[in-house]
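From first to last, the protein sequence lines are chains U and P. The numbering of the first sequence is my numbering, which starts it at -14 and goes up by one. The numbering of the second sequence is my numbering, which starts it at 7 and goes up by one.
The set of hints was computed from the structure by calculation and includes no laboratory data. No experiment lies behind these values; they were computed from the predicted model shown. Cβ coordinates follow ideal geometry from the N, Cα and C atoms, glycine included. Check the hints yourself; a few may be wrong.
[To be verified] Only pairs whose alpha carbons sit at most 20 Å apart, straight line, appear in this in silico PhoX-like list of lysine-lysine:
1) P:K68 to U:K331
2) P:K17 to U:K372
3) U:K178 to U:K206
[What the hints assert, rightly or not] Below, a sample of chain U positions facing chain P; criterion: calculated Cβ distance under 10 Å:
4) A6
5) V7
6) A9
7) E12
8) K17
9) I236
10) S238
11) P240
12) R369
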Amino acid sequence: MKYIISLFVLIFSLQSFAQEAVIAVGEAEQEKDKLVIDSPETHSLSNTQKVLANELLDTLRNNFIFYKHKFNTVLYNKTANSYTKENLEKWKEDGIQYFVATSIVSSGQGIEARFKLWNVREGKVIFTDNAIVNTSDLRSKAHDVSDKFYRAMTGKPSIFKSKIVFISDRTTRSRDIEKELYIMDFDGRRVEKLTTFNSIVLSPSISPDNTKILFSVIEDKAALSSRNKKKIIKNINLKMYDLLTKQLSTISSKPGLNSGATYSRDPNIIYLTLTQSGNADIYEMNLTTTRMRKVTSHYAEDVDPSVTADGSMMTFLSNRPGRAHIYTMDPRQTEKDVKRISFVGKFNATPRFSPDGKEIVFASWVDNGFDIYKIGANGQNLVRLTKDFGSNEDPVFSPDGEFIVFTSKRVINSRKAVQDLYIMNREGEVLGQLTQNFGKNFSPQFTNILN
Amino acid sequence: MLNAHLEQDIKKSFLISFGVHALLILFAVLTTKFLLGPSSKRSLEIEIIQSSVRVDVVGMPKFTAQELREMQKNAAPAEPEAVPEKAAPAVAETPKEEIKEDVIKEGDLVIEEQKKQNDFQSLLSNYSAKKVNRKEAKPQPKQAANTVVSGKGNKIIDGLILEGNKVSAGSALVGDITSETSSEFSAYVQAMPERVRVNWRLPSYLMNRDLKCRIKVYLNNNGQLIKTEIVESSGVEEFDSRAINAIKEASFPPPSKAVGARLSTYGIILGFPL
């Protein structure tokens, strides 16, 4: 019997000695990969072609500087003909992870650029590409090649082919403010005007296939006064712009507000704010059938919806607590799982989901201006992103989730202020200014990444 | 006689049955311990220490993510600090807010007197008659964002976590807290990841591969590294060696005698990432 008891004691002793504490260190920080985009020999090119070649390579390098939290993009003048004669050992010695070997030859008025992307550590070419480049298509070709490089190195899409739709008041000439719709490359280049309403355009949203833009515009509308006399009133109507056909159409012009529309993953389903029932509520609308369904139903004002890619969660602004605060809910049913996730800030605005639906970026009024904050979709992990950088509003995640574009306003004097678009990475490091001398700019929206 | 035999047989059978069951249990325990794969083995054996605190958001964060990151970087390579005799709670002090306080003097309305004044009207009149000296709060020295970390970059950080990122001890604790958490040893080892994490970096090709390793760390009484042992390898040599390097590059404060004795003899396992 004694032996049996001793045996049990031994077993339990073994068990207790086996218990060892583990202290979790957590996830590692990613080291930057050293990336070289080589400068090839251009002796055989004409001066115009040399300029074209330099601009192409500068654009490639400049693109990767946006991802400077991932890549350390450096100039490398040690090899003139790396395209035909690789020097892997030397590249390894220099700590290079990826090497873009280039060869540029004449092609008519333009150039033919040939690229080999080396994974130096693995000692193999992971991507090759040839591109005929002319002055007219230089930037789009450069962005296309950059995106291919990025995908080959990271396995993920980049923002290089994304565009930003935004609103600017640059055509305002008199007291009547004009705000029109514009589109530009992700880096602020190649700006194009899309609308000419001579009115005020608001809150654009881009369809999942990047072919259509929903937005609101303030328009005059005939109405009857209380004495049955005709009068003109202002109404905020919902419009659609087709980027392929350049045609405009009216989607909703119910009395009052038809605004803040945002696409869901299904291009036929949108969410928008209407005031037809007396106060602002969020509705789901089927663009084909025009059928409406109430998503929020509350006596308080509910506006500015943003929906996750899978359509399971919506964030919106509501003054239910007396001030504008951020809420989340399941938009598939009316008033389902409504949850308040912001509790501080004098005024909160423009909550926008990250592409993975895990985070919400928003603007909040603190002290004397707006700043950009980020919070988990569950209401946890509130993080401040901007400070001492003007008044910052209208944040929106890039489609790859790596960047946030926002507006920043600086008051020049009592009569003049500038408001430009800026881009920062998701940790709040401001990378640069996207618009300059382009009036006041508002409501940036990224186009989606298409596979 | 027959009964005695029967009784003896039953006793014998009982002992045999008891012994067999004991052996079966022993077999089951040993199988679990030694024969199962390393990950399942670990999950059965290892108790992960987590700190449990409640975070109350009382204002928007004053510091940006960038600023907090810089502060952490500056604070991490700290000069060895003496470990307090008693385990300090792993929470930041709530900074005093600059407020005007009511100073109640002798003769003012106090709770005992309130008892005598039962009717609401007289209570109100008493309140209005109350002489309260308003005293300006002493202006506290203003700390700039970059000055909360000391010049040497090695003191954490009374004012680091302010409004919005305020951490308090809280009243409702959630998490796997054990009695050890409050001990001196736990306080010491829970501070170790902070010091290792600043050196814990991976190249892109080792990120997002769901690799993990566990390294046992032995420290002497000065907080210096005696040795490391790979308790559980990730299977990728570079990953393991980068984890070990992160430990080697870290500086740990000298532990107390008791903690030092335990760390030098038994060590502590650090999980990368868990």
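Here's how the hints hold up against the structure:
1. P:K68 to U:K331: Between K68 (chain P) and K331 (chain U) the Cα gap is close to 14 Å, so the pair holds against 20 Å.
2. P:K17 to U:K372: 81 Å, violated
3. U:K178 to U:K206: 25 Å, violated
4. A6: Constraint on A6 (chain U) satisfied, holds at 5 Å.
5. V7: 5 Å, holds
6. A9: OK, holds: A9 (chain U) within 10 Å of chain P, min 5 Å.
7. E12: With Cβ-Cβ at 5 Å, under 10 Å, it holds.
8. K17: 8 Å, holds
9. I236: Violated - the Cβ of I236 (chain U) stays beyond 10 Å from chain P, reaching only about 36 Å at its closest.
10. S238: The hint is violated - S238 (chain U) has no Cβ within 10 Å of chain P, the shortest such distance being about 38 Å.
11. P240: 37 Å, violated
12. R369: OK, holds: R369 (chain U) within 10 Å of chain P, min 4 Å.
Hint violations for this structure: numbers 2, 3, 9, 10, 11, all remaining hints satisfied.
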